[in-house]
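We have chain S already, so just place chain E on it with the hints.
There are 2 protein chains.
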Amino acid sequence: MFREGLLVVVSGPSGTGKGTVLSCIRQKENRIKFSVSATTREPRSGEVDGVNYFFKTTEEFEAMIENGELIEWVKYCDNYYGTPKKYVADTIKSGYDCLLEIEVEGALNIKKIYPDCVSIFILPPSFEELRRRIESRGTEKPEVIEKRMEKALKEMNYVDRYDYVVVNDDIEKAVDSIRYILASEKLKFSRNRDILKTIGIS
Amino acid sequence: MFREGLLVVVSGPSGTGKGTVLSCIRQKENRIKFSVSATTREPRSGEVDGVNYFFKTTEEFEAMIENGELIEWVKYCDNYYGTPKKYVADTIKSGYDCLLEIEVEGALNIKKIYPDCVSIFILPPSFEELRRRIESRGTEKPEVIEKRMEKALKEMNYVDRYDYVVVNDDIEKAVDSIRYILASEKLKFSRNRDILKTIGIS
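Protein chains in written order, with my numbering: chain S, -13 to 188; chain E, -13 to 188.
Bound conformation, chain S alone:
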């Protein structure tokens, strides 16, 4: 059967509970590795190079762009952030699934480059729950909350570009859903074109 890992792209606006779902997967699933981004921002206390980020100088990062070593990148608040091709490729080749947490635009770019990737959009169970989750984030002013709501709702319109949709009304169920998706994707004939050869039939 299919022996390479999958490239898995997961998006979900703030308020969907994506963070909790993914950290649950990170703890439980030892066949899934999370993509490590490259960045030019300063390491914060406790952050480890190669674990939290690959920390790069601006010159190094720009050389990576130049050499086509990034799947996608953005400049945000004067710092670069990007996804190194090599980490993703190495992970997949070694048989681990590589999970990329990324916002919608980045996800669409990745789909163009890796049409075989599996894309999953995480949604909140309801409008009210989305608002509740965004409000409960802390001490934000009403304007900030409205802005976040607006952004979340706007991002959700991209759900139709994704392969799968997981409604996060229960963390365990959402985690299982993602596991089922990955297991099932590996059983697709399109990912097992030499299956008859593999089992010694043809």
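No wet-lab data here; the hints were simulated from the structure.
If a hint is listed, it holds; no wrong ones were tucked in.
Which copy? The list can't say, so a pair holds if one copy fits it or any two copies do.
Subject to a maximum C-alpha distance of 25 angstroms in a straight line, what follows is the list of computed DMTMM-like cross-link-like pairs (lysine to aspartate or glutamate):
{"id": "1", "residue 1": "19", "residue 2": "162"}
{"id": "2", "residue 1": "159", "residue 2": "87"}
{"id": "3", "residue 1": "183", "residue 2": "146"}
{"id": "4", "residue 1": "183", "residue 2": "162"}
{"id": "5", "residue 1": "174", "residue 2": "146"}
{"id": "6", "residue 1": "172", "residue 2": "115"}
All figures in this text were calculated on a predicted structure; none of them were measured in a lab.
Chain E alone, transformed into the frame defined by chain S:
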């Protein structure tokens, strides 16, 4: 989320262990109903109308053909066998998955009529195991065994027409694989086009 049942087409030549896998699913999964065929052959002792088969007279069966009430049908040893549309449609509508065990030609016909169906091909783990399973079926003469092997190998060439492939090297694993496929299919965006409306977002 997706509330209708799926139409699931399962094929696998003799020697793949398909029978055992499916009877395991039949026992364990109460959200899956098995399609009941219509036939003109005489009921055998213990067979119940509407459970094992829908038993029909030749006139009734031919009327069903005439009225387009069958998804597919064959005549075999002077008896008709066919899949009634209504049973499949009612099952799916009521939210149960409807599993159709069918040989390759029938499966391809069903895919033409129901492009949304999920098709799964069950394979043996190896050539040797296929032979062992076919031989262990009983007292068959060598010619019969060779014929069965030939037929099985020929049928396996159709694996590329199926969505998924499940290698049956372990019954429990094969059953789980089928469960993952069905769970994951229901999470596809293409089966949840009104998801934003459903969760009250748009």
